[in-house]
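All chains should be built: construct the whole structure from the sequences, respecting the hints.
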Amino acid sequence: MDLFLDALALVLTPMAIASIGLGALVGLIFGSIPGLTFTVALALALPITFGMDPVPAIGLLLGTYIGGMTGGSVSAILLGIPGTPSAAATVLDGHQMTKQGEASIALGTAVIVSVFGGLFSLLVMIVSVDLVSRLAIGFGPAELFALVLFGMSTICGLCGDSLIKGLISGVLGLMIMTVGIDAIDGVPRMTFGSINLLQGVNLLVAMIGLFAVPFIIEAFSQKGERDIQAQRVAKVRAELPSLKMLFGKISLILRCSALGTGIGAIPGTGGAIASFLAYDHAKRFSKKPQSFGKGNMEGVIAPEAANNAVTGGTLIPLLSLGIPGDPATAIVLAGLMIHGIQPGPALFMNNAGEVYGMYVAVALAYLWVLALQLMGIRIFVHVLKIPREMLAVAVLVLCAIGAYSIRNSAFDIYAMGAIGLLAYVLVAVRVPITPIILGMVLGPTLENEFRTAMMLSGGSFDIFLNSPTVLVFFALAAGVIGLQVVAELKLRKKTKEKIEMTDA
Amino acid sequence: MKLKTSIKSGLTAALTAGLMAFGGAAKAEYPEKPVEMTILFGGTANTIAQLLSELMTEELGQPVVPVSRTGGGGAVGYSHVVATAPDGYNVVWNSNSISTAHHTGRVPFDHSAFTPIARVSTEIPALAVNSETGWDSLDDLKAAVEATDGRFNVGISGKGSFTHLTSAALFDAMGVGDKVAYISYGQGNAPVELLAGRIDAAIQWPGQFVSYVESGDLNVIAVTGEERVDILPDVPTAQEQGVDVNISMWRGLAAPAGTPDDVVATLQAAAEAAVASDDFQNAAGNVGFAPAFLDAEAFGALIERDDAFYGDLLQQLGMAQ
Chain A
1 MDLFLDALAL VLTPMAIASI GLGALVGLIF GSIPGLTFTV ALALALPITF
51 GMDPVPAIGL LLGTYIGGMT GGSVSAILLG IPGTPSAAAT VLDGHQMTKQ
101 GEASIALGTA VIVSVFGGLF SLLVMIVSVD LVSRLAIGFG PAELFALVLF
151 GMSTICGLCG DSLIKGLISG VLGLMIMTVG IDAIDGVPRM TFGSINLLQG
201 VNLLVAMIGL FAVPFIIEAF SQKGERDIQA QRVAKVRAEL PSLKMLFGKI
251 SLILRCSALG TGIGAIPGTG GAIASFLAYD HAKRFSKKPQ SFGKGNMEGV
301 IAPEAANNAV TGGTLIPLLS LGIPGDPATA IVLAGLMIHG IQPGPALFMN
351 NAGEVYGMYV AVALAYLWVL ALQLMGIRIF VHVLKIPREM LAVAVLVLCA
401 IGAYSIRNSA FDIYAMGAIG LLAYVLVAVR VPITPIILGM VLGPTLENEF
451 RTAMMLSGGS FDIFLNSPTV LVFFALAAGV IGLQVVAELK LRKKTKEKIE
501 MTDA
Chain B
505 MKLKTSIKSG LTAALTAGLM AFGGAAKAEY PEKPVEMTIL FGGTANTIAQ
555 LLSELMTEEL GQPVVPVSRT GGGGAVGYSH VVATAPDGYN VVWNSNSIST
605 AHHTGRVPFD HSAFTPIARV STEIPALAVN SETGWDSLDD LKAAVEATDG
655 RFNVGISGKG SFTHLTSAAL FDAMGVGDKV AYISYGQGNA PVELLAGRID
705 AAIQWPGQFV SYVESGDLNV IAVTGEERVD ILPDVPTAQE QGVDVNISMW
755 RGLAAPAGTP DDVVATLQAA AEAAVASDDF QNAAGNVGFA PAFLDAEAFG
805 ALIERDDAFY GDLLQQLGMA Q
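Residue numbers (the numbering used here), protein chains in the order written: chain A, 1 to 504; chain B, 505 to 825.
Treat the hints with caution; some may be incorrect.
Below, simulated EDC-like cross-link-like pairs (lysine to aspartate or glutamate); rule was C-alpha separation at most 20 Å, straight line [stated by the list, open to error]: (1) B:K663 / A:E488; (2) B:K683 / B:D644; (3) A:K496 / A:D185; (4) B:K663 / A:D182; (5) B:K663 / A:D185; (6) A:K288 / A:E447; (7) A:K494 / A:D161; (8) A:K288 / A:E488; (9) A:K99 / A:D462.
Hints are computed from structural coordinates only; laboratory data are not their basis.
Here you go:
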C-alpha cells in the first residue's frame, strides 16, 4: 500500500499528468489519421523522453501507446480505413453504422468499451502478473502455432457467404508476407533480385493500401450519387450511446476484455488477433449473427474491448519477461531501458516503485483518452460533412506521407499503390479484403513458430500431438471450419432446390 | 532538449546566413543540413542509435535523424547507404554485420565500400542456462552435452546471426559442436524458452539475462569477450575457463567510401563527444553495452582484422558464399 501511495505521489505531479495527456493526445491524433500510425508517433516521442525524469518519460510513451490504440478506431469507423491493424475488425460493423448515420454512437461506444477493456486488463495485470506470466511461459512455439492457426480459422466468420473467396483472400495475405528475407534461415524469397523487396512488404504500408486506395478510387467513381451524400450529411449528429444500452452488453464486454487480456499476455501475439477472435466470438454467440457486417453494435464492442485489453495484456510479457509484443511496445521497451528500468522477473523487486507508477500512468492515460475522445467526437463527425472527393484527396496525401514515413522509403509508396489496386480489383469481384490483413498479421508468426517447433523436435510432428494446449486449439479450429462448411453446404442445397423449383 | 536543439540550429543557420551575406566568399561548413543515420537492427542497436543521434545532434548543430532500415541481416540498410552520395549526409550505424552480410552473400560489396568514422560501443555475448540444471561452468556444460543422448538445443537469434556465429565458435572450441542443434528465435524470446525448459542453453546479450539472473531463474556461465562485463561482474570469460574464444560485437559509424576527410573528422569528433557525455555513459550501464570510442584509423584496422576472422569462421561453418 505504501508503494502504491508513493507511486501516486510520483505520477500525480503536474509534469507527469501533462506528459501523459500530451502523449494521449499525440497518440490519438496519429492513430486516428489514416496513414499516420502511432508507431511513428512513438518513434518521434522517444528522443524527447531522453531528457525527462523516468516517470513523466514513461508516462509520455505509455500515453502515446494507449492513445494510438484507441485512436485507430476513429478512422476505421468514420472512413472504413483502420488506423492500426488492431482496428481492422472494427471496420466491418463500425463503418456500416456510419453509413446508417450512427457514427457518433459507434465512436462513443468504441471509446467507452476501449477504456473499459484497458482498465480491466490493467486490473488483471496488477492482481495476477506473476501467475499470468508463468502461464504464458507454457506457450512455446508449438502452442503459439496452434493458437495462431485457430486465429486463422476466424476467416470463416469474415468471408461473407463464400468460404472459397475468404480463403483466396487469406492466402493472398500469407503470400504477401513471405516476400523478403525469411527470419529463420535468411533466404531471400520472391525478391526478384530487388534490394527494396529484401526488406519485405511492411504490414502498415499494406494496410494503408488495402483500405485507403479503394476508398479513394470509389470516391471519384461515384460522382453521380450526390443524393446519397446529401442524406449522409443531414444525418451527422454528435450523440453518445446510452449507459443502459452499454449495461445490456456488459457480459459481452467482459468476455471480450478477458479474451484480449489473455491473448495480449502471450508473447508474440498482439491486438489484431485478439480483435478478430473477439469479433468472431461475438458473431458466433449472437442471437442475430446475420446482422453482423451490416452495422451491428456488438461488432464494434467486441473488437474494441479486446484490442485495448491487449494493452494491459502486452504489458505483462513486456514488464515481467522483457519481451515486446509488437513494434510499438518495442519502442516503449527502449524507453524503459534508457531510463534504467530493466524489464524482467527482477523488475518487481528492483523497481517496484516505478512499476506501480506505470500502473497509475496507464489508468491516467485511459482517463485522458476517455475525456479527449468524448470531446473529440463532436469534431470528428464533422469530417463526414467534407465532400467525399475532397476527403479522398486529403486521405491520398496523408497516406503517401504515412507510407513514406514508416521507413523513409519511397518504395513503400509504390508498394501501397500496388497493393491498393489489388484490393480495388478484389472488392470489385466481391472478394472480402479483411482476411488479407488477417493473413498478413498472422502469417509470419504462423510460419516462424511452426519452423521453430520443428527445429526443436528435430523434425517430428510429435511436438504438436503431445501438448494438450495444442490439441485444444486444433479442435477449436476444426470445429469452426466444420461449422462453416456445414452451413455453406446447407445454403447451397437450399439455393439449388430453389433453382430447381423455379425451373419446374 | 528537442526545442533547445532547434533554437540552437536556428541560431546557427541565422549566423551562417549573416556571415555569408557579409563575408561573401565564406564557404559553407559541413553540416549545413540534417544528417541521416541508417539503423540496421532493432533491440539494443536501435536503442543506442536513438540516444547517439540525439547527442550528436547537439554536437553538430544539425539534426542527426535515425532511420530504421532493418532486414536481411543488415543487407537492406547497407545497400541503401552504399548507394548514397559520399558527402557525409548519409551514415550507417554499422557493426560486424558488414562482414557477415558480405561473406554470406547477401550484399555484393564488402567493408571497403565504406569509410570508417568511429567505433562507439561494444557488446559481449553471454551464455545462459536454466538455474535448475545446476550447471555452473563450461566444464559442467561440456559434461552435460556429452551425456546427452540426442541433440543439445541452443537458442540463437537466427541462422548466420552474430549469436549463431558466437555459439558455433564456442561449442566447437569446447569440442562438442556436432551434438548441438541451433534453434532460431527472432524476437529475443530465448530467456523465456530457457525458463520453460524447451531449450538447454542460449547465447544472447547480457542485458536480456540480467533480470533473470537477479531473480535466480537463470544462470549465466560464461561471456565470450576478453574481459568480464560490467553488468555481470561475477561471470567468468570463456578464456578464464580454458576455452579459447574471444568474440565481441562492436558498433560504430561509417559513411560511403570517398567521403572527404574533413567531414569524417567532424563526425568523428561529434561521436567522441557524444560517447564521453554523462547521458551516454549512464545509458551504457542501463542498457548493457560498453562505450568504446575508437578513432577512424584504429576502427578501420579493427574492421579489417575482424573481416578476415569472420570470413574464416563462416567458411568453417559452411555458411560462406
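Against the structure, the hints:
1. B:K663 / A:E488: violated (44 Å)
2. B:K683 / B:D644: Roughly 15 Å between the alpha carbons, so the hint for K683 (chain B) and D644 (chain B) holds.
3. A:K496 / A:D185: violated (50 Å)
4. B:K663 / A:D182: The given pair, whose Cα atoms are some 10 Å apart, holds under the 20 Å limit.
5. B:K663 / A:D185: holds (5 Å)
6. A:K288 / A:E447: Answer violated: K288 (chain A) to E447 (chain A) is near 35 Å, above 20 Å.
7. A:K494 / A:D161: holds (13 Å)
8. A:K288 / A:E488: holds (17 Å)
9. A:K99 / A:D462: violated (50 Å)
Of the numbered hints given earlier, the model fails hints 1, 3, 6 and 9; all others are met.
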